[in-house]
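Number of protein chains: 2
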Amino acid sequence: MTQQRITLAHGNGGRFMRELIDEVFARHLNDGQLDTHTDAAHLNLSGDLLFTTDGFTVKPLEFPGGSIGSLAVHGTVNDLAVAGAIPRVLSLNVFIEEGLEFAQLERIVADLARAARDCGVQVVAGDTKVLPHGECSGLYLATSGIGVRATPGVLSLRNIRPGDVLLVNGSVGDHGTAVMLAREQFGLRGDLQSDAASVLPYAQALFDLPGIRFMRDPTRGGLATVAHEIASACGLSVRLSEPAIPVKDPVRAVCEMLGYDPYYLACEGRVVAVVAEDAVDEALARWRGIDGSEPSLIGQLETGAPRVILETELGGQRFLEELEDDPLPRIC
Amino acid sequence: MTQQRITLAHGNGGRFMRELIDEVFARHLNDGQLDTHTDAAHLNLSGDLLFTTDGFTVKPLEFPGGSIGSLAVHGTVNDLAVAGAIPRVLSLNVFIEEGLEFAQLERIVADLARAARDCGVQVVAGDTKVLPHGECSGLYLATSGIGVRATPGVLSLRNIRPGDVLLVNGSVGDHGTAVMLAREQFGLRGDLQSDAASVLPYAQALFDLPGIRFMRDPTRGGLATVAHEIASACGLSVRLSEPAIPVKDPVRAVCEMLGYDPYYLACEGRVVAVVAEDAVDEALARWRGIDGSEPSLIGQLETGAPRVILETELGGQRFLEELEDDPLPRIC
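So the protein sequences, as listed, match chains A and B. Start counting the first sequence at 76; every next residue gets the next number (our numbering). Start counting the second sequence at 76; every next residue gets the next number (our numbering).
Calculated directly from the structure, the hints in this document are not laboratory data. Keep in mind that this is a model prediction, so the values were computed, not measured.
Given that identical chains are not distinguished, each listed pair holds provided it fits within a single copy or across any two copies.
Listed next, the in silico SDA-like pairs over lysine to any residue satisfying Cα-Cα at most 20 Å (straight line): (1) K134 x S212; (2) K323 x D266; (3) K134 x G209; (4) K323 x P139; (5) K134 x P207; (6) K134 x E172; (7) K134 x E173; (8) K134 x H208; (9) K323 x D366; (10) K323 x E386; (11) K134 x F177; (12) K323 x L256.
Using the sequences and the hints given, assemble the complete structure.
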């Protein structure tokens with residue numbers, strides 16, 4: 076590839092597009108299943124299949140702990156994992172801004188390919204569009220994923236009962252804060268890494284747990300939004316314990332400085348699990364067996380109006396309202 | 076929905092986003108299978124599954140004969156159809172520019188829903204992102220689709236032999252030209268309609284044809300690009316007959332005026348089929364039975380260097396080169 080930057084001709088269906096696909100995408104992603112000469116990929120999957128999709132517009136495209144490439148894998152892998160499936164194949168849509176440097180595109184595709192290999196998923200279908208300079212700020216991605224159900228029953232909000240408890244596998248708000256710092260628009264610096272990662276090991280650890288009800292990854296809108304989704308779908312109150320929710324010191328410091336609430340900031344490698352009260356010890360024990368985990372019991376469901384109550388350190392309480400204004404766009 | 080335009084808060088995971096999803100997307104697309112409260116949709120599919128994806132960035136968003144919404148359905152439905160599958164489910168990614176009018180978004184989603192119903196596919200998973208004003212020029216879409224194979228064998232470029240013939244189900248270049256005229260940047264007007272449509276009836280008519288080798292829809296890069304893909308994959312020459320290729324008068328007129336070649340312009344409702352020579356009559360007879368079709372035998376494969384030869388009306392010949400510069404960006 077002799078050119079330094081993407082041009083509109085890389086999206087026109089002709090020779091340059093074929094070269095872009097062969098030399099960047101197929102080279103990194105090809106493991107035998109990606110056939111760039113067919114209109115549709117054959118799926119060698121059997122069992123009970125789950126299907127999901129996610130779009131990615133994070134800015135900047137590369138940040139401490141990941142890039143839009145690995146994020147696009149983890150986001151869709153995580154949606155399948157929390158639904159109780161082993162992710163197997165992905166499709167990939169790429170929207171590239173004219174002028175993007177080949178070197179950066181290639182780093183991002185390599186990061187995406189690495190994440191896919193680590194998660195055991197294969198990119199089997201793709202499409203590329205190139206947009207005129209000034210649009211789509213570098214790169215947008217979308218991934219759709221198919222997985223095979225691995226839970227004995229169906230994980231669903233409908234399984235949740237009063238008394239069930241909420242667990243989280245690590246600190247919240249790292250991803251949102253790391254991306255914010257990487258933008259440098261606030262004049263802040265730090266060495267905080269995004270938490271972006273596959274949650275499959277955590278989800279998989281609970282697939283056969285007696286008492287597992289439901290899991291969700293707290294991405295856009297953060298922990299508070301997942302808690303609201305649970306409260307509103309179940310018609311129950313969610314009572315969260317502020318001292319029990321893990322928040323890293325740099326996240327807390329940035330939030331205090333800028334007036335953000337860490338409970339609304341996106342995570343990209345966290346999972347909230349709702350389990351029966353008598354299954355908590357077993358669930359926490361299984362999670363503690365996973366390298367790097369810091370699992371916590373952070374709250375409980377109780378009968379009452381569908382709302383989210385945060386019990387503070389000093390014994391008071393406040394309501395976490397449903398998110399209205401966007402605290403931080405372009406985070407995923 | 077009291078607001079007139081999309082705001083960033085419609086993409087943040089909170090209340091406005093929930094309202095956008097419930098009141099625009101779920102209202103038009105919900106037919107029982109779209110559950111906006113789960114992270115992944117359960118697929119009730121069995122058989123040999125095919126999977127594909129496509130992105131859509133057409134400008135303007137609405138044009139004579141369709142919109143980016145119906146295009147996003149037809150594009151992915153057609154990729155599955157030409158691969159020999161009955162399309163069954165779609166996922167939908169939406170990238171919306173802040174400031175897009177709700178009324179226009181709603182028209183486009185309604186057009187998408189209508190196209191999906193007409194094609195017998197269901198949107199079972201989706202994701203929405205909102206981008207700051209100035210990005211993504213209104214709306215980009217991506218759809219991934221899953222279908223069930225309905226051909227006795229696998230349709231593939233590898234099936235093609237010297238002597239096989241090329242058929243097309245109607246005139247070429249209508250979509251590209253209609254979109255170009257709708258942009259008004261050339262000061263031209265016309266009543267040409269895009270050909271954007273499902274090619275499933277045409278593909279399906281040949282699924283069990285003895286002698287069917289391969290099908291492809293000539294989208295970006297048009298007929299010439301499909302001919303090149305065939306020539307290069309098979310190591311054969313494609314000889315096309317210019318008088319046999321249907322091109323509508325207004326398409327020819329616009330191309331002459333602007334210096335475009337209609338064989339490179341996108342179609343969105345056409346299919347090129349490669350069939351064995353002794354299957355031609357049966358294939359054409361089946362296609363003639365479909366309302367509105369104007370099928371033609373347009374060319375033949377022959378041993379020789381992998382290139383595309385166009386025999387002109389006057390008995391001369393010229394080569395159709397592989398597309399390099401983009402004749403017309405943002406066409407699909």
